[in-house]
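> Sequence:
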Amino acid sequence: MAKTNQEPDVESGGGGGKLDAAGSRAGAGILLVARNGLALTKRAIRSALAQDVPAKVLVIDNQSTDGTNSWLLAKDGISRIMCMEQHSLSWCWNTGLRSLWSAGCSSVLVINNDVEIRSDTLSMLLAHGGEFVTCVSVDSVDRIGTPGDRSIEDLRAGERCHPDFSSFLIRKSVWDKGLRFDEECFPAYAEDSFAHTWMHQHGIRAVCIDLPFYHYAAGTLKGSSPGESERIKRGAGANRERFRQKYGCLPGSAEYEALF
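The number in the working numbering is simply the position in the sequence shown, starting from 1, with 1388 added.
If you're looking for bench data, these hints aren't it; they were derived computationally from the structure.
Take the hints with a grain of salt, since some may be wrong.
[Unchecked claim] Below, simulated DMTMM-like cross-link-like pairs (lysine to aspartate or glutamate); rule was C-alpha separation at most 25 angstroms, straight line:
no., residue 1, residue 2
1, Lys1430, Asp1464
2, Lys1430, Glu1616
3, Lys1463, Asp1440
4, Lys1621, Glu1571
5, Lys1634, Glu1571
6, Lys1621, Asp1454
7, Lys1621, Asp1552
8, Lys1560, Glu1541
9, Lys1430, Asp1508
10, Lys1565, Asp1552
11, Lys1621, Asp1527
12, Lys1430, Asp1440
13, Lys1560, Asp1598
14, Lys1560, Glu1572
15, Lys1621, Glu1643
16, Lys1560, Glu1571
17, Lys1621, Glu1572
18, Lys1463, Glu1504
19, Lys1560, Asp1440
20, Lys1430, Asp1530
21, Lys1634, Glu1645
22, Lys1560, Asp1508
23, Lys1560, Glu1547
24, Lys1430, Asp1552
25, Lys1565, Glu1547
26, Lys1621, Glu1645
27, Lys1430, Asp1454
28, Lys1560, Glu1504
29, Lys1634, Glu1572
30, Lys1430, Glu1473
31, Lys1565, Glu1645
32, Lys1430, Asp1527
33, Lys1634, Asp1552
34, Lys1430, Glu1504
35, Lys1621, Glu1473
36, Lys1463, Glu1473
37, Lys1634, Asp1564
38, Lys1463, Asp1508
Build out the structure end to end from the sequences listed, making use of the hints.
What follows is the structure in structure tokens.
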């Protein structure tokens, strides 16, 4: 299914209907971007669809070549945007968020396609009440815990200003204040550092709470061909250098932490 940069088409699966305000009964959405990694994507979508509060699930296929697009077209219960050319991860995030805001969502949980989230992830992030709240990654499914094993009060008390952009909730108020993810970060990497710095400069508190999700880290990179892997690494290096030129430090460095 084709898309244009101005108005990407959104197609719904199963009984989900069109991506509209009625479809997002709770005012919440879940956005997932996939580029290959079908096995991981299936698990991520399964966990997104298992949330204990209603949400519209939108998946953007960023020109996968491993059968992901065909599987998504046959999958019930989701909406999707099918890219006919590869875009930056930031472009996909911005495009998906615009679609979900237009559908009436006031909050969106954005997750990688190489994660698995708890069934109470969306409800707990919403209950936190912050404008930009993220979960924390763990390296084993056994470590994500179970719903009811922690209180929202404890999560608020332990929050810290080190957001994890592999599973984050963004409120529309952040978008309305001007946050856009940097689409020049092609194909990915460093867009999170640009966004974190921008939010800090504009008085938006981005926090991480101790709500775990399983992260098969760098799933796209690990599943890439040697040629694409090198392209991703070159892009990541260029993106980090762009950040250094703008802010005088590299993401993850002590100087970067001092920005906050």
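> Verify the proposed pairing of lysine 1430 with glutamate 1473, using a straight-line Cα cut of 25 angstroms.
holds, 22 angstroms
> For the pair supplied as a hint, lysine 1565 and glutamate 1645, is the alpha-carbon distance within the 25 angstroms limit?
holds, 23 angstroms
> Does the alpha-carbon distance linking lysine 1621 and glutamate 1572 stay inside the 25 angstroms limit?
Satisfied, since the Cα-Cα distance of roughly 15 angstroms is no more than 25 angstroms.
> With the threshold set at 25 angstroms, check whether the alpha-carbon distance from lysine 1560 to glutamate 1547 stays at or below it.
Measuring from Cα to Cα gives roughly 21 angstroms; hence the hint holds.
> Does aspartate 1508 lie within 25 angstroms of lysine 1430 when you go C-alpha to C-alpha?
Between lysine 1430 and aspartate 1508 the Cα gap is close to 19 angstroms, so the pair holds against 25 angstroms.
> Just to be careful, I want the Cα atoms of lysine 1565 and aspartate 1552 compared with a cutoff of 25 angstroms; is the pair within it?
holds, 21 angstroms
> Would the hint linking lysine 1621 and aspartate 1454 be met if the CA-CA limit is 25 angstroms?
holds, 21 angstroms
> Holds or violated: lysine 1634 and aspartate 1552, Cα atoms, limit 25 angstroms.
holds, 22 angstroms
> Below or equal to 25 angstroms on CA atoms is what counts here, so check lysine 1565 against glutamate 1547.
With a Cα-Cα distance of about 23 angstroms, the restraint between lysine 1565 and glutamate 1547 holds, given a limit of 25 angstroms.
> Please verify whether lysine 1560 and glutamate 1571 have alpha carbons no more than 25 angstroms apart.
holds, 19 angstroms
> Given the hint that lysine 1430 pairs with glutamate 1616, test it: the Cα-Cα distance must not exceed 25 angstroms.
Holds - the C-alpha atoms of glutamate 1616 and lysine 1430 are around 22 angstroms apart, at most 25 angstroms.
> Would the pair lysine 1560 and aspartate 1598 pass a check requiring their Cα atoms to be no farther apart than 25 angstroms?
Holds, at roughly 23 angstroms.
Checked against the numbered hints above, the structure breaks none of them.
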